[in-house]
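Model the placement of chain V on the given structure of chain C, informed by the hints.
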Amino acid sequence: MTRGPGTGAAGIRVAAVGDVHFGTDSAGTLRPHLADLAEHADVFLLAGDLTRRGLAEEAQVLADELAGVELPMFAVLGNHDYHSVQEHLVTKVMEAAGVQVLEGDSVVLDVAGCRLGIAGTKGFGGGFAGACGSEFGEPVMKSFIAYTRHLADRLEAALADLAGGTDLRVALLHYAPTDRTLKGERLEIYPFLGSYLLGEAVDRAGADLVLHGHAHAGTERGATDGGIEVRNVAQPLIGRPYNVYCLRPPLPPSTTSATACWRRPPPRSGATRPGPGRWGS
Amino acid sequence: MSEPREPEHYANERLREALAADARVSDLSLLVRTVADHVFVSGQVATPERVEAVSEIAARVLPDHVLHNDLSLITLADGPAVEHLP
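Chains C and V supply the protein sequences, listed in that same order. The first sequence begins at 1 in the working numbering and counts up one residue at a time. The second sequence begins at 1 in the working numbering and counts up one residue at a time.
Covered by chain C, per the in silico footprint, the following chain V stretches (three or more residues, Cβ under 8 Å):
1. 20-31
2. 35-48
3. 70-81
DEER-style ranges, computed between Cβ atoms:
4. D25(C) with H84(V): 33 to 39 Å
5. A157(C) with P63(V): 48 to 54 Å
6. L109(C) with P63(V): 54 to 60 Å
7. A157(C) with A77(V): 36 to 42 Å
Honestly, the hints are just simulated from the structure, not real lab data. The C-beta atom is built at its ideal place from N, Cα and C for all residues, glycine as well.
So that you can see chain C by itself, here it is in the shape it has in the complex (with noise of 0.2 Å):
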């Protein structure tokens, strides 16, 4: 393989998208852009809402897009590919096409010389500091949060079981983790963009790279609370077929993750927890 201009020694690169919304006229939109993917990148990750409304069909037009792309590439879902009630359909489309979907689970990839973790999960709203849902009140309104906080937890667990064994870990999402690659987006509806409960899971659990997508009108470059590099790739914000994030691992490789992680408090008294397999697996 080719390495081309965005090459770092014993680095990954990561090329992200999100928010490509595929339908059914949407044949020939991104395949011609795809062509020299492999000179700029080690592995393509899809940040979500891969479809218009969720349809299998939507789903395989972007999959034929996809055929000749000769990287590893995984994705997460977004809402919008919840909307038809297809999702396992589009996720079956897209992992026949050799793109992995990531929900709560993670994968560990040899790439340029590095041992590369992928945490993924779609994510959910809910809102930042000072403007947050709370699991109280109605039963639609704890399930909203709590759901969000299963996903939040799952993702952490799934970062965790990263640690130690890779050179870098990203974890790939759907909804924001952070308020910060939100800005221009109208602040009323951030509690539908994404929840400080996935930035606190990153944040746990130690990351060294948060790509997310959904917020089509944010702000691309942002960080955790802890401090961990976030960017949007929400395609119609980057205005581009994808962009390409450069990763170096900490030396001597192989040995951890570059990020210092902090423990999580212990649980607040009286605060539930759904328990496995709530939301399904």
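Just chain V, lined up with the frame of chain C:
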């Protein structure tokens, strides 16, 4: 005596919901703003067909409003931006 006009807020959201629900558009990110009997729709969509669909949906949902369809087509720059992270 003429019928009182629907408050702008409600007219605005009826159209926004319709743009999300209609399979030809299915877009939550379009900006809709209603001022008196004018409605302004802006943002980016992927195809000319979606621009036209927005006009048709607006004419159906808000037939007594003048539509200003300010949508543009998404265009992608060539190649990626590359960032080296520490």
